[in-house]
Amino acid sequence: MAAVQTLPRPKAYDDTFWKPITLWLTTTDHKLIGIMYMVTGLLSFVIGGIFALIIRLQLAQPNLSVVDHETYNQLISAHGVTMIFFFVTIFLTGIANYMVPIMIGARDMAFPRVNLLGFWLVPVSIVLYYGGFFTGGALDAGWTGYAPLTEKAYQGHSLGVDFWALSIIVWAISGIMASTNFLTTIIALRAPGMKLTRLPLFVWAQISTSILLLVVGAPLAAAMILVEFDRQLGTQFFTTQGRPVLYQHLFWFFGHPEVYIMILPGFGMISEIIPVFARKPIFGYMSMVAALFGIVFLSMTVWAHHMFTVGMNTYVEGFFMLMTMLIAVPTGIKFFNWIATAWWGSIEFTVPMKFVFGFLATFLIGGITGVYLASVPVDTQLHQSYYVVAHLHYVLFGGSVFTIFAGLYYWFPKITGRMLNRTLGEWNFWTLFIGFNGTFLIMHTLGLEGMPRRIATYLNPAWGTTNMIITISSFLIAFSVLLFFINVIRSWHGGEIAGDDPWQANTLEWATTSPPPPYNFAKVPPVRSFMPLRDLREAGEVPAEPEPAPVPA
Amino acid sequence: MERSTYRGCLDAATFSFGFYQRATCGPESRTSWRRYTGAVKAGSFTRLWPLAILPAAFLLGSCEAPGGISPIFPSPVSPNGQDIYNTYIGISIPAIIIFLGVELSLLWVVIKYRRSKQPAGYIPPQVHGNTRLEWAWTAAPLIVVLVIAGYSFAELQKDFQPVSSYDFEIVVSGHQFGWNYTYPQGFTIHQEGTLAADVTPFVVPVNKLIRLRIQAVDVIHSWWVPAISGKTDAVPGYDNFTWLKIDRVGTWRGECAELCGVGHSTMQIIVKSMTQYDYDTWVRQQENAQPATPSASPTPS
Numbered sequence: 001m002a003a004v005q006t007l008p009r010p011k012a013y014d015d016t017f018w019k020p021i022t023l024w025l026t027t028t029d030h031k032l033i034g035i036m037y038m039v040t041g042l043l044s045f046v047i048g049g050i051f052a053l054i055i056r057l058q059l060a061q062p063n064l065s066v067v068d069h070e071t072y073n074q075l076i077s078a079h080g081v082t083m084i085f086f087f088v089t090i091f092l093t094g095i096a097n098y099m100v101p102i103m104i105g106a107r108d109m110a111f112p113r114v115n116l117l118g119f120w121l122v123p124v125s126i127v128l129y130y131g132g133f134f135t136g137g138a139l140d141a142g143w144t145g146y147a148p149l150t151e152k153a154y155q156g157h158s159l160g161v162d163f164w165a166l167s168i169i170v171w172a173i174s175g176i177m178a179s180t181n182f183l184t185t186i187i188a189l190r191a192p193g194m195k196l197t198r199l200p201l202f203v204w205a206q207i208s209t210s211i212l213l214l215v216v217g218a219p220l221a222a223a224m225i226l227v228e229f230d231r232q233l234g235t236q237f238f239t240t241q242g243r244p245v246l247y248q249h250l251f252w253f254f255g256h257p258e259v260y261i262m263i264l265p266g267f268g269m270i271s272e273i274i275p276v277f278a279r280k281p282i283f284g285y286m287s288m289v290a291a292l293f294g295i296v297f298l299s300m301t302v303w304a305h306h307m308f309t310v311g312m313n314t315y316v317e318g319f320f321m322l323m324t325m326l327i328a329v330p331t332g333i334k335f336f337n338w339i340a341t342a343w344w345g346s347i348e349f350t351v352p353m354k355f356v357f358g359f360l361a362t363f364l365i366g367g368i369t370g371v372y373l374a375s376v377p378v379d380t381q382l383h384q385s386y387y388v389v390a391h392l393h394y395v396l397f398g399g400s401v402f403t404i405f406a407g408l409y410y411w412f413p414k415i416t417g418r419m420l421n422r423t424l425g426e427w428n429f430w431t432l433f434i435g436f437n438g439t440f441l442i443m444h445t446l447g448l449e450g451m452p453r454r455i456a457t458y459l460n461p462a463w464g465t466t467n468m469i470i471t472i473s474s475f476l477i478a479f480s481v482l483l484f485f486i487n488v489i490r491s492w493h494g495g496e497i498a499g500d501d502p503w504q505a506n507t508l509e510w511a512t513t514s515p516p517p518p519y520n521f522a523k524v525p526p527v528r529s530f531m532p533l534r535d536l537r538e539a540g541e542v543p544a545e546p547e548p549a550p551v552p553a
Numbered sequence: 001m002e003r004s005t006y007r008g009c010l011d012a013a014t015f016s017f018g019f020y021q022r023a024t025c026g027p028e029s030r031t032s033w034r035r036y037t038g039a040v041k042a043g044s045f046t047r048l049w050p051l052a053i054l055p056a057a058f059l060l061g062s063c064e065a066p067g068g069i070s071p072i073f074p075s076p077v078s079p080n081g082q083d084i085y086n087t088y089i090g091i092s093i094p095a096i097i098i099f100l101g102v103e104l105s106l107l108w109v110v111i112k113y114r115r116s117k118q119p120a121g122y123i124p125p126q127v128h129g130n131t132r133l134e135w136a137w138t139a140a141p142l143i144v145v146l147v148i149a150g151y152s153f154a155e156l157q158k159d160f161q162p163v164s165s166y167d168f169e170i171v172v173s174g175h176q177f178g179w180n181y182t183y184p185q186g187f188t189i190h191q192e193g194t195l196a197a198d199v200t201p202f203v204v205p206v207n208k209l210i211r212l213r214i215q216a217v218d219v220i221h222s223w224w225v226p227a228i229s230g231k232t233d234a235v236p237g238y239d240n241f242t243w244l245k246i247d248r249v250g251t252w253r254g255e256c257a258e259l260c261g262v263g264h265s266t267m268q269i270i271v272k273s274m275t276q277y278d279y280d281t282w283v284r285q286q287e288n289a290q291p292a293t294p295s296a297s298p299t300p301s
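Quick mapping for you: the protein sequence lines, in order, are chains A and B.
Each residue of the first sequence is one higher than the one before, counting from 1 in this note's numbering.
Each residue of the second sequence is one higher than the one before, counting from 1 in this note's numbering.
Just so you know, these hints were derived from the structure itself, not from any lab.
Even glycine gets a Cβ: it sits at the ideal position worked out from N, Cα and C.
The reader is advised that the hints may include incorrect statements.
Negatives, chain B to chain A, calculated, CB over 12 Å [as the list claims (entries may be wrong)]:
id, residue
1, ALA136
2, LEU142
3, ILE214
Coverage of chain A stretches by chain B, computed from C-beta distances (three or more under 8 Å per stretch; other residues unrestricted) [said to hold, decoys possible]:
id, region
4, 173 to 186
5, 375 to 381
6, 441 to 452
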């Protein structure tokens with residue numbers, strides 16, 4: 001079997017990869033659109049990462065001036081906007097776009113053309129944002145863009161803020177399109193037998209994410225439209241004479257659920273991957289679903305915990321503190337269920353499973369520091385300090401990025417038909433794990449020592465060594481990401497041929513060929529539980545597939 | 001193995017939810033699982049030694065400070081700062097216990113349940129859930145966070161209400177880029193933003209409860225001296241209040257903590273506390289230098 005050199009991939013699908021640009025502009029295949037989303041996301045990851053490295057060089061020692069202060073402010077804003085809006089959210093939309101229809105046994109999304117339009121709004125949004133750099137300077141008020149700093153009186157020298165606001169409006173429209181599409185697809189196009197109680201947890205996670213984005217996307221667009229009114233039509237919503245704190249309420253009503261939009265699909269992937277490699281069913285399926293919706297509900301009642309220092313009534317602060325801490329409960333349920341799934345298991349530590357455990361070990365730290373930050377008195381010390389930067393990176397890097405890598409290593413064989421190289425994958429994981437913790441673990445101490453975030457430089461010599469360690473570790477992360485891209489490029493055409501089901505998985509996407517044909521399934525397999533493929537395998541109904549090629553020595 | 005398989009089947013039979021339709025126990029599921037475990041290649045496992053680097057890096061990062069700066073706040077010098085510090089330590093007790101518990105159980109899973117450590121042909125028990133256990137780990141975190149929230153709320157009510165009895169009030173006004181401090185006597189100290197080390201200090205007497213009325217004239221700033229207390233935002237349009245009561249003579253540094261423009265990192269704060277006698281002398285000097293205006297304006301002219 002090792003002699004087989006050609007992939008058993010359906011010709012029609014393979015052709016589409018190298019067809020002219022018109023196909024990419026006009027395809028309505030959810031898989032191609034998903035790939036476009038994922039590639040866009042990964043390119044943004046590289047761009048945002050380069051911004052981060054420049055920021056780290058600037059902060060490596062006290063009083064450096066690698067870039068000037070204005071450029072620095074634009075870089076931190078661009079880093080945040082790129083990573084949050086253009087990398088994590090977009091990539092996760094892409095992987096869901098690819099996987100959700102196959103996992104529920106559908107042939108495409110419910111609205112294929114809306115899907116395509118939703119995708120092509122993303123590059124429009126990205127180009128609009130970076131266009132700001134050519135109008136005299138992009139957004140320089142942080143990714144949150146707090147008014148009144150973004151108002152004409154303080155940011156009148158460039159159109160950067162206008163381009164940012166327009167970009168975010170377009171992004172929100174795209175997100176609303178994608179969410180509507182996901183919800184309709186999951187409700188209307190499930191295969192026979194795929195009851196709601198048998199949906200894979202990744203699909204449940206996508207339902208909750210889509211609900212969140214539908215609810216909070218519109219207030220975000222509203223906030224941006226009001227900013228534009230202020231800047232271009234002379235209204236006074238958020239100006240110095242207006243109510244700047246209102247902007248913060250509108251922004252964070254989107255901004256906090258956005259954190260869950262970026263992590264819930266990751267939770268879904270973890271819930272898919274652990275059972276496969278531990279050879280056990282997920283522990284507490286129903287409580288996992290309940291926890292997802294607990295998080296959805298609570299995440300919309302906590303936004304003001306980003307604003308504990310603006311001077312609110314202490315009872316209002318107490319309410320938001322309590323709701324924020326309550327999120328630890330559903331998150332805790334998910335954590336304990338994951339551990340219980342692995343407990344007594346027979347765990348194979350493949351690369352995706354390593355990333356899963358990397359996620360569990362690091363995301364826990366982000367969750368615990370979140371409880372400190374939720375406590376109002378403690379938050380007044382930690383707020384807007386490097387402690388918060390460390391916390392949010394534990395949540396979004398240790399959380400989202402680790403799950404993204406887990407998902408990529410897990411589903412790459414399905415998407416391309418070839419495995420990612422395991423040795424490079426191990427190196428990728430360990431360098432990322434060490435580099436990530438080296439960067440962000442000691443960053444907590446900077447915040448506790450009183451270093452505010454978003455300062456272009458600092459004078460205190462006592463912070464120099466810590467910052468230097470952080471900068472060196474951040475380059476280790478960059479090296480790790482480089483390894484990942486080398487792995488992807490090498491494996492795309494030269495990787496070990498995966499076969500239909502290299503992991504002996506449970507869900508329907510592994511029941512079709514790798515990569516799947518344009519309409520996903522020749523015949524939609526029967527669904528008898530939430531692990532339909534395992535049922536088929538045990539009942540002996542999986543058609544005899546070619547043996548996977550032996551591992552090259 | 002035999003025991004745990006049995007227990008798993010028992011659990012699945014007793015507690016699993018109604019909609020699980022697969023038979024999870026019985027001879028055929030066992031053989032099929034043996035087939036799976038046999039089919040997957042046993043991989044080579046990277047040893048866990050790189051994990052040891054992390055605590056080392058953490059220690060290296062936190063022990064470097066020559067001036068006694070530890071990975072906790074600079075020693076608080078004001079009662080409200082001390083209370084925040086105490087709350088931080090209080091939360092740390094359950095936080096550290098939970099952190100260690102979860103990380104150790106993860107480590108246990110990694111060491112104990114990896115396939116290479118399991119007997120050949122091991123079939124994991126097909127447990128679908130355990131309602132009692134799931135309720136237990138819903139209730140336990142709930143109790144912990146309710147306790148933490150109650151404890152924090154008590155501290156919030158104690159120190160974060162606008163104080164009504166105080167010795168005197170100073171108006172702190174933030175602008176791009178610097179701070180103005182207007183004293184009850186009518187003079188104003190200008191603490192202009194700079195990246196040099198010598199910032200005009202904001203002078204207060206020791207052991208006096210001073211209320212700070214915090215304002216902003218252009219964009220949002222945030223007044224933060226870590227050794228004294230938490231941040232208070234300076235927001236245009238309304239006044240915020242905080243207070244300090246420094247218990248010793250000394251100098252404490254801080255910075256603006258809300259991104260306020262290109263000079264944000266220059267908005268340094270130096271607070272200098274003096275004995276009452278020195279403070280009175282200092283006040284007389286300031287009054288001679290800049291005669292009091294009839295109505296002390298909080299905003300710079």
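- Message: Between the region 173 to 186 of chain A and chain B, are there enough contacts, at least three residues with CB-CB distance under 8 Å, for the coverage claim to hold?
- Response: Since 0 is below three, the answer is violated.
- For the region 441 to 452 of chain A, do three or more residues have a beta carbon lying closer than 8 Å to a beta carbon of chain B? Since three or more residues must qualify, the claim that chain B covers the region 441 to 452 of chain A holds, with 8 doing so at under 8 Å.
- Task: Compute the least Cβ-Cβ separation between B:LEU142 and chain A, then decide whether it is above 12 Å.
- Result: 5 Å, violated
- Query: Are there at least three residues in the region 375 to 381 of chain A whose beta carbon sits under 8 Å from a beta carbon of chain B?
  - Reply: It holds, with 7 qualifying residues against the three required.
- For B:ILE214, is the shortest beta carbon distance to chain A beyond 12 Å? 8 Å, violated
- Message: Would the non-interface assignment of B:ALA136 survive a Cβ cutoff of 12 Å against chain A?
- Response: 9 Å, violated
Hint check: violations occur at hints 1, 2, 3 and 4; the rest are consistent with the structure.
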